[in-house]
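Participant: Sequence:
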Amino acid sequence: MKLSDPAVDQYPALDEKLLSPVAQKAVSRVLKSWNCTDDEAARLFGVEPDHWIGVSRGDFEYLLSQDQLLRASYLIGIYSGLQVFSDDTAKRWPKLPNTGPIFRGKTPVEFMLEGGLEAMEKTRRYTDCLGY
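Numbering-wise, this note's numbering puts 104 at position 104 of the sequence shown, and it's gapless, one number per residue.
Check each hint, because a few of them may be wrong.
Cross-link-like lysine to aspartate or glutamate pairs, in silico, EDC-like; alpha carbons within 16 angstroms at most [unchecked claim]:
1. Lys95 x Glu114
2. Lys17 x Asp38
3. Lys25 x Glu61
4. Lys122 x Asp88
5. Lys95 x Glu110
6. Lys95 x Glu61
7. Lys17 x Asp59
8. Lys106 x Glu40
9. Lys17 x Asp67
Just so you know, the hints here were simulated from the structure itself, not pulled from any lab data.
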């Protein structure tokens, strides 16, 4: 393997069967702590509303796609990055209007809902940089 090879090629495909229940439980906790509506949560997680309702009630039996696992990674990473500051910050920040350059007055949740996966990645990178 050369250094120029994409990092993604270095790792085998993630096992959705093993990761799905863990990801759903973690994302459920994160989105509940952010006080997301069921509609917001379903859209952020990239699932149907009925799937989200099941997850929010503790049904973690759904098999997630790679896209949904990536969304889970971003959402959990955002929450984790904010935990560096405080538990309160990790819970409140995503729903507060933000004057940061990527948000332009929107809340991070609004920004991610409007921009999808790309906006979630940008938000994750943004929160990773806040701690430095």
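Participant: Compare the structure with each hint and give your call.
Facilitator: Results for each hint:
1. This hinted pair checks out: Lys95 and Glu114 have alpha carbons roughly 14 angstroms apart, not beyond 16 angstroms.
2. At roughly 24 angstroms between alpha-carbon atoms, Lys17 and Asp38 are farther apart than 16 angstroms, so this suggested pair is violated.
3. For the given pair, Lys25 sits about 10 angstroms from Glu61 by alpha-carbon distance, which is consistent with the 16 angstroms threshold.
4. With a CA separation close to 22 angstroms, the supplied pair Lys122 and Asp88 exceeds the 16 angstroms bound.
5. Between Lys95 and Glu110 the CA atoms are separated by roughly 8 angstroms; this keeps the pair inside 16 angstroms, and the hint holds.
6. Annotation: proposed proximity of Lys95 to Glu61 is violated, straight-line Cα distance about 29 angstroms (limit 16 angstroms).
7. For a cut-off of 16 angstroms, the pair hint linking Lys17 to Asp59 stands: about 14 angstroms separates their Cα positions.
8. For a cut-off of 16 angstroms, the pair hint linking Lys106 to Glu40 stands: about 15 angstroms separates their Cα positions.
9. Only pairs whose Cα atoms come within 16 angstroms are accepted, and Lys17 paired with Asp67 is accepted, the gap being roughly 14 angstroms.
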